[in-house]
Amino acid sequence: GNSVTQMEGPVTLSEEAFLTINCTYTATGYPSLFWYVQYPGEGLQLLLKATKADDKGSNKGFEATYRKETTSFHLEKGSVQVSDSAVYFCALRETDSWGKLQFGAGTQVVVTP
Amino acid sequence: DAGVIQSPRHEVTEMGQEVTLRCKPISGHDYLFWYRQTMMRGLELLIYFNNNVPIDDSGMPEDRFSAKMPNASFSTLKIQPSEPRDSAVYFCASSAETGRYSPLHFGNGTRLTVT
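So the sequence lines, in the order shown, correspond to chains Y and L. Quick note on my numbering: the first sequence kicks off at 1 and runs consecutively. Quick note on my numbering: the second sequence kicks off at 1 and runs consecutively.
Any given hint could turn out to be false.
Distance condition first, Cα-Cα at most 25 Å in a straight line; then the derived SDA-like pairs of lysine to any residue [as the list claims (entries may be wrong)]:
#, chain 1, residue 1, chain 2, residue 2
1, Y, K68, Y, M7
2, Y, K100, L, H29
3, Y, K100, L, G28
4, Y, K100, L, M60
5, Y, K100, L, P70
6, Y, K100, L, T20
7, Y, K60, L, A96
8, Y, K100, L, A88
9, Y, K100, L, D30
10, Y, K100, L, R22
11, Y, K100, L, R64
12, Y, K60, Y, D84
13, Y, K60, L, S102
14, Y, K100, L, S58
15, Y, K100, L, Y31
16, Y, K100, L, G3
17, L, K24, L, S102
18, Y, K100, L, V53
19, Y, K100, L, F65
20, Y, K100, L, S27
21, Y, K100, L, R111
22, Y, K100, L, P61
23, Y, K60, Y, T20
24, Y, K52, Y, A27
25, Y, K100, L, A96
26, L, K78, Y, F103
27, Y, K68, L, S102
28, Y, K60, L, A2
29, Y, K100, L, I26
30, L, K78, Y, E42
31, Y, K100, L, M40
Pair ranges (Cβ atoms, derived) [claimed, not checked]:
#, chain 1, residue 1, chain 2, residue 2, range
32, L, A96, Y, G1, 23 to 29 Å
33, Y, K52, L, I55, 24 to 30 Å
34, L, S58, Y, G41, 25 to 31 Å
By construction, these hints were calculated from the structure, which means they are not laboratory data. No residue lacks a Cβ here, since even glycine has one placed at the ideal position from N, Cα and C.
Model the full assembly from the supplied sequences, consistent with the hints where possible.
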């Protein structure tokens, strides 16, 4: 079946540091890939997405590239801020099961001043 | 755009009581999802609807759980009777488009505590 594996948290960084959160997936077809972010006390919000191999999603300084050869979709940001402290979820949706968004376990990121 | 609205934000109840969680999707969205979030199991899809019709309820854990969508602007998730292991954050989400590219829009969740 489909699955999404994320690096475990928490990840603790200083402000302006470089952030990478690893995400790998298994899927039988050609899934779409997503990163969602959850701020404390809130629901998940879409951060970025990529729908085919080599696509790069980007938003708010975050980027992730859909790498089919390594089945990965790592999230990166060059210079984090305290406001980036949140839980980040990698997710996939298979080609023919669009309703079922498969989430990873989430990675908590803590950015200190 | 008011977003997906869930109520209540917090619910504390005793074991054996009935619990009803409510959701108002974004106007015009044809798809509605109920998720449960726990530390142990992460995010789990419980059920989703398309045009008010349940499409997949394979994630509903037990017969104690039921969900309805009487119209396009309202859905409920009911647990009867509730148990301590049902304690979790329950999220409702909606989506406007078909296809695998469309994102889900989540509400802020209902934190349920069953004592």
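Each hint, compared with the structure:
1. K68/Y x M7/Y: holds (18 Å)
2. K100/Y x H29/L: Roughly 16 Å between the alpha carbons, so the hint for K100/Y and H29/L holds.
3. K100/Y x G28/L: Satisfied, since the Cα-Cα distance of roughly 20 Å is no more than 25 Å.
4. K100/Y x M60/L: The hint holds at about 14 Å.
5. K100/Y x P70/L: holds (22 Å)
6. K100/Y x T20/L: Since the Cα atoms of K100/Y and T20/L sit roughly 24 Å apart, the hinted pair holds (cutoff 25 Å).
7. K60/Y x A96/L: Holds - the C-alpha atoms of A96/L and K60/Y are around 23 Å apart, at most 25 Å.
8. K100/Y x A88/L: holds (20 Å)
9. K100/Y x D30/L: holds (15 Å)
10. K100/Y x R22/L: Holds. K100/Y to R22/L sits at ~21 Å (cutoff 25 Å).
11. K100/Y x R64/L: Roughly 22 Å separates the two Cα atoms, so the pair holds.
12. K60/Y x D84/Y: Distance ~10 Å between K60/Y and D84/Y Cα, so the pair holds.
13. K60/Y x S102/L: Answer holds: K60/Y to S102/L is near 19 Å, not above 25 Å.
14. K100/Y x S58/L: holds (11 Å)
15. K100/Y x Y31/L: OK: K100/Y and Y31/L at ~12 Å, within 25 Å.
16. K100/Y x G3/L: holds (21 Å)
17. K24/L x S102/L: holds (19 Å)
18. K100/Y x V53/L: holds (16 Å)
19. K100/Y x F65/L: holds (19 Å)
20. K100/Y x S27/L: holds (21 Å)
21. K100/Y x R111/L: holds (23 Å)
22. K100/Y x P61/L: holds (16 Å)
23. K60/Y x T20/Y: Satisfied, since the Cα-Cα distance of roughly 15 Å is no more than 25 Å.
24. K52/Y x A27/Y: holds (13 Å)
25. K100/Y x A96/L: holds (15 Å)
26. K78/L x F103/Y: holds (24 Å)
27. K68/Y x S102/L: holds (20 Å)
28. K60/Y x A2/L: holds (22 Å)
29. K100/Y x I26/L: holds (19 Å)
30. K78/L x E42/Y: holds (22 Å)
31. K100/Y x M40/L: Distance of about 20 Å is within 25 Å: holds.
32. A96/L x G1/Y: 23 to 29 Å: holds (27 Å)
33. K52/Y x I55/L: 24 to 30 Å: Given about 25 Å between the Cβ atoms, the range holds.
34. S58/L x G41/Y: 25 to 31 Å: holds (29 Å)
Checked against the numbered hints listed earlier, the structure breaks none of them; every hint is satisfied.
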